[in-house]
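Given next are the chains, with one letter for each unit.
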Amino acid sequence: MGDRFLFNTRDNVDAIFNWPRLNIIILQVSIIGIIAIGVTQVIILGGIDLSSGSIVGATAMIVMSFAQTAIVNGNPNPKAIFGDWAMDLPVLLPILVGLACGLIAGTINGLFVAYTRIPPFIATLGMMVSARGLAKWWSNGQPVSFPTESYAALGKGMMPVVYFIALAILFHLILRYTVYGKHTFAIGSNEDAARMSGINVDRHKVLVYAIAAMLASIAAVVLSSKNLTAQAGMGVMYELDAIAMSVIGGVSLAGGRGSILGTVLGALIFGVIISGFTFLKLDAYYQEMVKGAIIVGAVVLDQWRQRRNAAGM
Amino acid sequence: MSDVQTNLSGSEAPHSARPLGDVILETRDLTKHYGGVHALEGANFILRKGEHVAIMGDNGAGKSTFVRQITGVEQRTRGEIIFNGQPVQFAGPLDAREAGVETVFQTLALADHLDVADNLFLGREKIRFKLGPFSILDYKAMREATLAALQKTGVKIPNIHNTIERMSGGQRQCVAIARTATFHSKLTIMDEPTAALGVQETAQVENIVRTLKEQGEPLILISHNMRQVMDLCDRIVVFRRGRICANLKKEETDGQDVVAYITGAKTQPEFEQEFA
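Protein chains in written order, with this note's numbering: chain A, 1 to 313; chain B, 1 to 276.
Errors might be hidden in some of the hints.
Here are some of the chain B residues that sit facing chain A, going by a computed Cβ distance under 8 angstroms [said to hold, decoys possible]:
id: 1; residue: A109
id: 2; residue: H113
id: 3; residue: D118
id: 4; residue: F134
id: 5; residue: K156
id: 6; residue: I157
id: 7; residue: P158
Here chain A is said to cover these stretches of chain B; the calculated rule only asks that three of the stretch's residues, wherever they fall, bring their Cβ under 8 angstroms from a Cβ of chain A [stated by the list, open to error]:
id: 8; region: 86–98
id: 9; region: 205–213
Keep in mind the hints are simulated off the structure, nothing from the lab.
All values derive from a computational prediction rather than experimental measurement.
Beta carbons: idealized from backbone N, C-alpha and C, even for Gly.
Generate the whole structure from the sequences, applying the supplied hints.
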């Protein structure tokens, strides 16, 4: 009976849709997607945030230091960063530490962008380098490991996906229905007009950069919890993946245009492309090359769309 | 069609029957020097409620400098501005706006990616639930107020949900003007509102200005277009070389007369000593 089929469909499906592999990609896309929610807002504002990947690294190191458990397999924690006082803390504490890290880093980004008027590209590039330095300095490049059970539970299973969807819905509503969202779009669309209309543009910029960095630090908590460890190299290039998701999702790098819904779709498309490459067993190097081409292609498409709009079509 | 039509007669131009009210704006000896350049010198100017005054003059005559002092874009060198009975010193355009001076700039201050209602209420959104920067917007109230404002100013925009970038120059100008009319401003200033518009769009903007006139809203209009000035304004103030050289009631002047003042062929006797 079986030889009526040219090949065994069931087995092939299993080979292509390799669940563990797909699972890894879905989780990774969700975590970078959380960052992309913040990056989307910064780009709509007319800025850019290159620091989010490094903020993930630095925050993960710091947070994990406050999430460690004292006893591992009956022995004292070999990776302990601090003394006993920082061991087995309630899970809320490392979360708050993480949010504080994001708040500080994002506020510094925002203050530089808003008040020194240096291009956001430069301000966040500086933060990208400095935060990565902090991540490496924190434990001399050593990983920080062995979190408490309650901390490890934060990123267990499909939890990252749940956080991504919940945060996406929350910020979709915020951008659509609050003054914060309206002003973000207005500043990205025409900063002078926003200023003339009485919007406190500088303060708003600080707020948006702070929220973006806090979303990156949430991603750091989820990622370090899922991996049960924090490493100084965590989150490298995540900022570019997040920007790519936003741009693929229709966020205009010129500012004033975009949506969280678009970015979620961008994240999905991004995930499908990456998983497609993986299942085609395409070399990781090719993946990066193609990723770069996709980003440039999406920007070209955005430029073309803007010209078409400007022509009143 | 040239802007300078000398054959227009002020007395034959349309007049509004509406009486004028109290003085809304007065400047005394208003002066602005940029270093050694005397851009504006001793301007004494009065505007009454319900009055539409045109400011004319050659390029560099001081028209825009005059407006920039009133709207707080620049800080004056000397002189007094009395607005609504109070001496004022606006720190910036925002300050002036809060006091009730609305300006339609040559470069429109609109956010292209937002729709009409968003732009009308930019910076002063209606709120349904107050929560700091995360206050919930009251879209319904803003939409209704927008429709009312458009009706009041006679602006016809097919779909107020269209973003500004999808609109013609005339429609954009109309939105900018409707915004000034929405917030019960005490004084509207327009700087060349139709300079970049076509014939039909210009007519649309002029209709709005007429509506403002009927509603008794005072207006200062900077324009090079003689026909427009004769059609829309009660009075023409002419600037030359940084000074006011004529203050003409429309019914006592005509196009040729105004051009003579603009070019310097004539100066009104009361301003003559300033040019001596």
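Quiz item: For this structure, which hints from the list above don't hold up?
Solution: 5, 6, 7, 9
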